[in-house]
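Colleague: These protein sequences, in sequence, are chains P and C. Note that my numbering has the first sequence beginning at 1, numbered continuously upward. Note that my numbering has the second sequence beginning at 1001, numbered continuously upward.
If you're looking for bench data, these hints aren't it; they were derived computationally from the structure. Please read all numbers here as calculations on a predicted model, not as lab measurements. Glycine residues also receive a C-beta, built at the ideal position from the N, C-alpha and C atoms. There could be a bad hint or two in this list.
[What the hints assert, rightly or not] Short, incomplete list of chain P residues facing chain C, as computed with Cβ under 10 Å:
(1) P110
(2) I209
(3) G218
(4) S476
(5) L478
The lines below spell out each chain.
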Amino acid sequence: MSTVAAGDHHDHPESPYSIKRWLFTTNHKDIGTLYLWFAFIMFLIGGVMALVIRTELFQPGLQFVDPQFFNSMTTMHAIMMIFGVVMPAFTGLANWLIPMMIGAPDMALPRMNNWSFWILPFAFAMMLSTLFMDGGGPAGGWTLYPPLTLQTGDALPFVILSMHFMGLSSIMGAINVVATVLNMRAPGMTLMKMPLFVWTWLITAYLLIAVMPVLAGGITMLLTDKYFGTSFFNAAGGGDPVMFQHIFWFFGHPEVYILILPSFGVVSSIIPTFARKPLFGYASMVYATGAIAFLSFIVWAHHMFTVGMPLAGELFFMFATMLIAVPTGVKVFNWIATMWRGSMTFETPMLFALGFIVMFSIGGFSGLMLALAPVDFQYHDTYFVVAHFHYVLVPGSIFAIIAAVYYWLPKWCGNMYSEGLGKTHFWLSTIFVNLTFFPMHFVGLAGMPRRIPDYALQFSDYNMMATIGAFGFGLSQLLFLVLVIKAIRSGKKATSQVWEDAEGLEWTLPSPAPYHSFSTPPAIK
Amino acid sequence: MAQAENSYYVPHGSHWPIFGSVAVCTLLVGMANYLNGTSWGGNMALVGFGLLVIMLFGWFGTVVKESRAGLYNAQVDVSFRWGMFWFIFSEVMFFAAFFGALFYARNYSLPWLSGEGSGAITNMFLYEGFEASWPSAANGPGNVGGEYKPMGAWGLPAINTALLLSSGVTLTWAHHALKAGHRAQLIIGLFLTVALGAIFMACQVLEYKEAYEHYGLTLGSGIYGTTFFMLTGFHGFHVTIGAIILAVILFRCMSGHFSSDNHFAFEAAAWYWHFVDVVWLGLFVFVYLV
Ligand code: HEM
Ligand SMILES: [Cu+2]
Chain P
1 MSTVAAGDHH
11 DHPESPYSIK
21 RWLFTTNHKD
31 IGTLYLWFAF
41 IMFLIGGVMA
51 LVIRTELFQP
61 GLQFVDPQFF
71 NSMTTMHAIM
81 MIFGVVMPAF
91 TGLANWLIPM
101 MIGAPDMALP
111 RMNNWSFWIL
121 PFAFAMMLST
131 LFMDGGGPAG
141 GWTLYPPLTL
151 QTGDALPFVI
161 LSMHFMGLSS
171 IMGAINVVAT
181 VLNMRAPGMT
191 LMKMPLFVWT
201 WLITAYLLIA
211 VMPVLAGGIT
221 MLLTDKYFGT
231 SFFNAAGGGD
241 PVMFQHIFWF
251 FGHPEVYILI
261 LPSFGVVSSI
271 IPTFARKPLF
281 GYASMVYATG
291 AIAFLSFIVW
301 AHHMFTVGMP
311 LAGELFFMFA
321 TMLIAVPTGV
331 KVFNWIATMW
341 RGSMTFETPM
351 LFALGFIVMF
361 SIGGFSGLML
371 ALAPVDFQYH
381 DTYFVVAHFH
391 YVLVPGSIFA
401 IIAAVYYWLP
411 KWCGNMYSEG
421 LGKTHFWLST
431 IFVNLTFFPM
441 HFVGLAGMPR
451 RIPDYALQFS
461 DYNMMATIGA
471 FGFGLSQLLF
481 LVLVIKAIRS
491 GKKATSQVWE
501 DAEGLEWTLP
511 SPAPYHSFST
521 PPAIK
Chain C
1001 MAQAENSYYV
1011 PHGSHWPIFG
1021 SVAVCTLLVG
1031 MANYLNGTSW
1041 GGNMALVGFG
1051 LLVIMLFGWF
1061 GTVVKESRAG
1071 LYNAQVDVSF
1081 RWGMFWFIFS
1091 EVMFFAAFFG
1101 ALFYARNYSL
1111 PWLSGEGSGA
1121 ITNMFLYEGF
1131 EASWPSAANG
1141 PGNVGGEYKP
1151 MGAWGLPAIN
1161 TALLLSSGVT
1171 LTWAHHALKA
1181 GHRAQLIIGL
1191 FLTVALGAIF
1201 MACQVLEYKE
1211 AYEHYGLTLG
1221 SGIYGTTFFM
1231 LTGFHGFHVT
1241 IGAIILAVIL
1251 FRCMSGHFSS
1261 DNHFAFEAAA
1271 WYWHFVDVVW
1281 LGLFVFVYLV
């Protein structure tokens, strides 16, 4: 009797050059690989859009693109990076890692897993095709506020329906993660023994299932308002455009936690390994994650302080938002306490994880400033907000994804990557990311508005710096591509342990990990 | 092919997912082109829909076949349960968005437009004299869609409530019969459930006709018509899907697919049906009654 049962005809993967293998696969590693490469390709496309934006902003005045196209670049850049890069990359990591970490052979619903991935290329092709349509791509911002967004040309129904399609993919991916974590753990792997990456993903998946349908509802209302004469966002008919903002941000704020919680899990795996100490405060990490997820549902209107909310609303959302700093602080404190008196070494994953802690905290602090309703009246819709969310997303989420790739790559492909290239990649990325986004705080505080292709003269120097930084950051990522391809092709063979003090079931498997992770449940200590 | 307990089941590869992507993409691109006014968009959407139906038959057909061959063990069963549970939860949240819109319109946007609270000045300058009242004058200061008569709770809607509630009872009866091994009762109970669902839909159609023809109430009747038709419409859509699922399950019962201790497909359909039921109760209270 084979222990990985019945339906599986081949225990070995087909050749990696077989198209059918990738189209029809139900294997969590194949699907994880697909997700990660997809995310990287979208990263390049979204990155090129960012460079178009930065090129136009290199100097004041209109020079390269027309304003309509500029606006569709800011809109599309955000959609690509959020829905096409960070979310798929995390789902790719979940696919690769969760079965290995909980001692399972695969994900709980492998065929649905395949579909969750194979929706994405179609959905993003639809989305990108709008750039070539009459009236251009969507240009009203990724937040899709009516009435502006309703002025989009032929692109509108494509944008909305492709977002429905992406949502379908995320919901199915999330359901799969929940089912896997709740049902596929090896005997003895109790909830409170799960690695934090699994915990953070479980909670992320819950957030996804709870809020993606709300976004679907909101954009459906946009569609019916535009094409079927409904009045959701039309004051003349008794609706209210601000209602869209409430619906959108009820999705949107949990969404930003969807973009960051798995990073917390990654960092919580990496820090203990290279500090050679167990994670400080495991249980408090779990509860803090839960608390953040809960609070993320009751803070949404901090994005709307300036739309004219009743005073009670301003106060409630201000205090609720600041409350999130408490569990977030618990996490940062725990990471630091883990490193305290550890015997630390600074391999590339550790560097990225440390960069994460420092720079994510900078983003957290600017978030706290924005959470103060009275001062947000000055900051709202300026580059200060742009600086805030780029600090939490680029040296936050993206750095964590990169750290994860360095950390687990030897397990995935069986070879060590080049440490020298890795460190170079880290330092270049860190220098350029700060050169790009730090000056945005200053121009923002001084009043430079976001989503505008031109600006007043006094902002020139900082914008020039940001543009140089952006090109530097973009080019540095090509180094990452080279490094990964080199490691897949050749390199020092990795042991199954890979890192001296790494804990967790994935390190008990050989490197590269076998096609079916655990065909018999491992014993849990 | 007997399935040993503590072993895992990993299904072989499948071409249905990618087929499904092509189907849904065709459907969506068709719909988008239809909305943009092309002559062929609608047909393309229909083709996509047809492909989607083929995909659903193919995919579920495979699963049914594998299940009948005894390939699934208890663990697979639990995975399916969690999958269905969280899927229904996502549907709950989808409806929550529309209920939220209803509450927001009633409690905030209409009162503000009528000059309450911070809306005083807007009302004075833009909508002088406008005073909203739910449900009879709730189509906004623009009187969008013209005069209309709101839908009361005690005609068809009350009958529909009775229909759906009794369909919940017949379904539970069928489930008990299945567990006790009474085939005839099972089939009658399930048949009654599907029939009640169909009658519900017929009443819903009558109600819509009534609204459009005699009440002047349309999807375009301001926020009242909007929330009324969008909520009841999405609910009706879900009833239709639920009834189709139950009908498929009925056919499977008639071909003897289920045993008294192994019938998750039946239970999944029943969960879905009860969810649709509960949504209706919410609708009855908040759309029709108060
Ligand atoms: C420490 C906790 C955080 C606080 C207190 C916070 C607070 C805020 C506030 C008040 C705004 C609105 C600013 C405005 O528009 O005037 C904002 C915007 C934003 N935040 Fe945060 N934030 C936090 C963490 C995060 C995280 C972890 C992410 C994502 C990984 C994130 C992503 C964003 C994004 C994308 C926006 C801008 C959305 C837009 O208008 O396009 N934030 N944040
Ligand atoms: Cu927020």
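Colleague: So, for every hint listed, does it hold in this structure?
Modeller: To see whether the hints hold, each was checked on the structure:
This hint holds: P/P110 has a C-beta 6 Å from the nearest C-beta of chain C, less than the 10 Å allowed. This hint holds: P/I209 has a C-beta 5 Å from the nearest C-beta of chain C, less than the 10 Å allowed. Hint status for P/G218 relative to chain C: holds, with the closest Cβ pair at about 6 Å, below 10 Å. Checking P/S476 against chain C: minimum C-beta separation of about 34 Å lies over 10 Å; hint violated.
Below 10 Å, beta-carbon pairs count as interface contacts, and P/L478 has none with chain C, the closest being about 30 Å; its hint is therefore violated.
Comparing the model with each numbered hint stated earlier shows that hints 4 and 5 do not hold.
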